[in-house]
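Number of protein chains: 2
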Amino acid sequence: MGQQVFQHTLSNGLVLLAERMEHVRSAAINFLVPAGCANDPDGQFGVGSVLADLITRGAGDRDSRELSLALDGLGVDRDESVGVYNMRFWGSTLARNVPAALTIYADVLRRPHLPADELEPVQSLAVQDIEALEDAPQAKVMLELRKRYYPPPLNKDRRGTIEDVEALTIGAVKVHHARLFRPNGTILSVAGNVEWERLKAQVEELFGDWKPGADPDLAPTERTPESGHIPKETAQTHIAIAYPSVPVTHPDYYAARAADGVLSGGMSARLFTEVREKRGLCYSVGVRHETFKDRGTIIGYAGTGADRAQQTLDVTMAELRKLKDGVSDDEILRVKAGLKSSLIMQEESTSSRAGSIASDWYHLGRVRSFDEVQAAIDGLTAGMVVDHLARFPVRGTTLVTIGPAPLTMPE
Amino acid sequence: MGQQVFQHTLSNGLVLLAERMEHVRSAAINFLVPAGCANDPDGQFGVGSVLADLITRGAGDRDSRELSLALDGLGVDRDESVGVYNMRFWGSTLARNVPAALTIYADVLRRPHLPADELEPVQSLAVQDIEALEDAPQAKVMLELRKRYYPPPLNKDRRGTIEDVEALTIGAVKVHHARLFRPNGTILSVAGNVEWERLKAQVEELFGDWKPGADPDLAPTERTPESGHIPKETAQTHIAIAYPSVPVTHPDYYAARAADGVLSGGMSARLFTEVREKRGLCYSVGVRHETFKDRGTIIGYAGTGADRAQQTLDVTMAELRKLKDGVSDDEILRVKAGLKSSLIMQEESTSSRAGSIASDWYHLGRVRSFDEVQAAIDGLTAGMVVDHLARFPVRGTTLVTIGPAPLTMPE
Numbered sequence: 001m002g003q004q005v006f007q008h009t010l011s012n013g014l015v016l017l018a019e020r021m022e023h024v025r026s027a028a029i030n031f032l033v034p035a036g037c038a039n040d041p042d043g044q045f046g047v048g049s050v051l052a053d054l055i056t057r058g059a060g061d062r063d064s065r066e067l068s069l070a071l072d073g074l075g076v077d078r079d080e081s082v083g084v085y086n087m088r089f090w091g092s093t094l095a096r097n098v099p100a101a102l103t104i105y106a107d108v109l110r111r112p113h114l115p116a117d118e119l120e121p122v123q124s125l126a127v128q129d130i131e132a133l134e135d136a137p138q139a140k141v142m143l144e145l146r147k148r149y150y151p152p153p154l155n156k157d158r159r160g161t162i163e164d165v166e167a168l169t170i171g172a173v174k175v176h177h178a179r180l181f182r183p184n185g186t187i188l189s190v191a192g193n194v195e196w197e198r199l200k201a202q203v204e205e206l207f208g209d210w211k212p213g214a215d216p217d218l219a220p221t222e223r224t225p226e227s228g229h230i231p232k233e234t235a236q237t238h239i240a241i242a243y244p245s246v247p248v249t250h251p252d253y254y255a256a257r258a259a260d261g262v263l264s265g266g267m268s269a270r271l272f273t274e275v276r277e278k279r280g281l282c283y284s285v286g287v288r289h290e291t292f293k294d295r296g297t298i299i300g301y302a303g304t305g306a307d308r309a310q311q312t313l314d315v316t317m318a319e320l321r322k323l324k325d326g327v328s329d330d331e332i333l334r335v336k337a338g339l340k341s342s343l344i345m346q347e348e349s350t351s352s353r354a355g356s357i358a359s360d361w362y363h364l365g366r367v368r369s370f371d372e373v374q375a376a377i378d379g380l381t382a383g384m385v386v387d388h389l390a391r392f393p394v395r396g397t398t399l400v401t402i403g404p405a406p407l408t409m410p411e
Numbered sequence: 001m002g003q004q005v006f007q008h009t010l011s012n013g014l015v016l017l018a019e020r021m022e023h024v025r026s027a028a029i030n031f032l033v034p035a036g037c038a039n040d041p042d043g044q045f046g047v048g049s050v051l052a053d054l055i056t057r058g059a060g061d062r063d064s065r066e067l068s069l070a071l072d073g074l075g076v077d078r079d080e081s082v083g084v085y086n087m088r089f090w091g092s093t094l095a096r097n098v099p100a101a102l103t104i105y106a107d108v109l110r111r112p113h114l115p116a117d118e119l120e121p122v123q124s125l126a127v128q129d130i131e132a133l134e135d136a137p138q139a140k141v142m143l144e145l146r147k148r149y150y151p152p153p154l155n156k157d158r159r160g161t162i163e164d165v166e167a168l169t170i171g172a173v174k175v176h177h178a179r180l181f182r183p184n185g186t187i188l189s190v191a192g193n194v195e196w197e198r199l200k201a202q203v204e205e206l207f208g209d210w211k212p213g214a215d216p217d218l219a220p221t222e223r224t225p226e227s228g229h230i231p232k233e234t235a236q237t238h239i240a241i242a243y244p245s246v247p248v249t250h251p252d253y254y255a256a257r258a259a260d261g262v263l264s265g266g267m268s269a270r271l272f273t274e275v276r277e278k279r280g281l282c283y284s285v286g287v288r289h290e291t292f293k294d295r296g297t298i299i300g301y302a303g304t305g306a307d308r309a310q311q312t313l314d315v316t317m318a319e320l321r322k323l324k325d326g327v328s329d330d331e332i333l334r335v336k337a338g339l340k341s342s343l344i345m346q347e348e349s350t351s352s353r354a355g356s357i358a359s360d361w362y363h364l365g366r367v368r369s370f371d372e373v374q375a376a377i378d379g380l381t382a383g384m385v386v387d388h389l390a391r392f393p394v395r396g397t398t399l400v401t402i403g404p405a406p407l408t409m410p411e
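Sequences listed follow chains U and L, in order.
Counting in the numbering used here, the first sequence runs from 1 upward without gaps.
Counting in the numbering used here, the second sequence runs from 1 upward without gaps.
Everything hinted at is true.
If chains are identical, the list can't say which one is meant, so a pair holds when it fits in one copy or spans any two.
Simulated crosslink set (DSS-like; lysine-lysine; CA at most 30 Å straight-line):
no., residue 1, residue 2
1, 278, 174
2, 278, 140
3, 200, 293
4, 324, 340
5, 147, 324
6, 147, 322
7, 140, 322
8, 147, 293
9, 174, 147
10, 293, 336
11, 232, 140
12, 278, 324
13, 147, 232
14, 278, 322
15, 336, 324
Source of the hints: derived by calculation from the structure; they are not laboratory data.
These numbers were taken from a predicted model, which means no experiment stands behind them.
Could you put together the complete structure from these sequences and hints?
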């Protein structure tokens, strides 16, 4: 059962990717449009999120209700979300409904009505989304970490600010759409039981005459990350940390992933063993790797009672720093087993595959084959992880906390 | 591609189920053990959760660390959770690793060490799990709703109470295991690329000599549900409601599912349209059907700013009550498309299938075929939904809220 991946670039720059999976009946559709919140202008923070909600409220020949009914009638499970660089439109349905769904998505992306009379309920929802963060300290601490760790515009939050969202006009939302929605930089990926030639022809028909637009300059500025504490009478202290790693484009990428596997991948991983199992400090502790094209970051979180918070941070940082002193062959074997097992799970899911091929193309300009990823995992050694950590040690860690009292980063 | 489901009951009562999925490389293992929190004795609320954590800390020939390493080395992604009637042990890995994983699970279920020196960290984690609810008002309001709506012992929460968890002894945990872990009432389901005869032989070998135990009496008592308000200075008011429906064993079951589909299934569903789209009252609003063997319930949740909370409840209740006045054919078509689409997604996932066949056996004593479920969905009509609502109207709704001020259930 060989992997069947297809790619085609339209003359206007839109990239179409497909992975044919013959033994499934479902298919997943995934659009990445270069309209993430990094593009939200000053004074309009949150405009991307408002656009992402308003954009499905009528498009082409259908009003808001007809559009929802049409997608629901095709059994499309869908979601629109705003990332830093991209806005994502995701839908999952039966493979035979893909052509009809794509026709609707072409209207949504290219011919949305953006109705003035629906702006107010959309603004109201967007404001509530910001207010709801006060009841979700774990989500809030991660947002506050990103705000302080990343340089602008990478540090913007999709939710924006209450002030900016309330001040938005329908004109501003329409300008935002016209400026950013364009075929160049847009990636459409489809995974499932689809026919490539027919899909390609339909996408040419739906998107071939879409006019390219200018790419805005989103080069990150220079900035020094800042730690911080947000005082709040929460039951737990919510701890978030970040420090630099390598991006997915870097030769050290798999070694970096293995390093966080040793720390957090599986129940026998070091952080779980030391923080959770042995000391009972908290259930939720872990680190994960996050990548942009030009930079990678290790992001960590732990939530624990205020009386144990400093100890939790101390033990966590000690484990992170100790990693460079050595990793055992057993640990690497375990990490490889986990990575391979999750690779195979992903191979079997149309949603995972549609997401992966789009993400690969976005970051690398190509799709990694299973064989390539498998070979990279197979080739991992304890030495590679230690060498990587010698080049990219844990340093300059940014710490952000929400809770009754601030913590001290251990020396 | 016909569906291949196998079943075998061991002489001690353990039920083995398997679904063979030839085109995948993964497999999922799912044990339901009749040791849910309904069994937690007075004065020991939370003992089931403590047992579920402690039970993987060494079993058979392996100590805690060796056991974690062994499962991680097989690439098993796993989770242990405590429900009302059952404790669930779930693991997902490569099909070829299933025999090795089952050998380990047989040790975990039958020969856990339950080490005294690990009780304290486990208690500490369990206490934190309870404390963490204070920072998660959405989770807390659902727990408080269940506590007030269901009769004992269905209304117990797996987390238990801080007082009881702190007072637990290792002796009590061992007694709890010895009393409840037994083959009769246990269901093991496996889905993926597995060979039935070999699987059956291995399960006979691993579990055939397990001695049956007594089934405790868990018959629910009589009780009248009570509404309530928990005052808290949250940013949002968290609203939870419940009222009786039919269980999965009832002839009206699919009509009941279609009724909540009309309300909450898809973006054009009534609650989303009226509460979210038109009025912008809140993002998260919805109802879902929850079933035990003997009773079904509609559970609803909405979270919104305090100034909009009463209006949100009023609009939601009006929509729920209006449903009996009629459902359009278009709405039923849309609901059928959504149900069929999600049925097909489930067919393609080993984890979903392992969960579904075990749940079917637990509730119905048999596994529903895709054809049966598909025929039931195809057979749905608007008339069936309205007839169902005439027999089971919205009444006696229990309302529980967390927020700055209580709400009034509309007449």
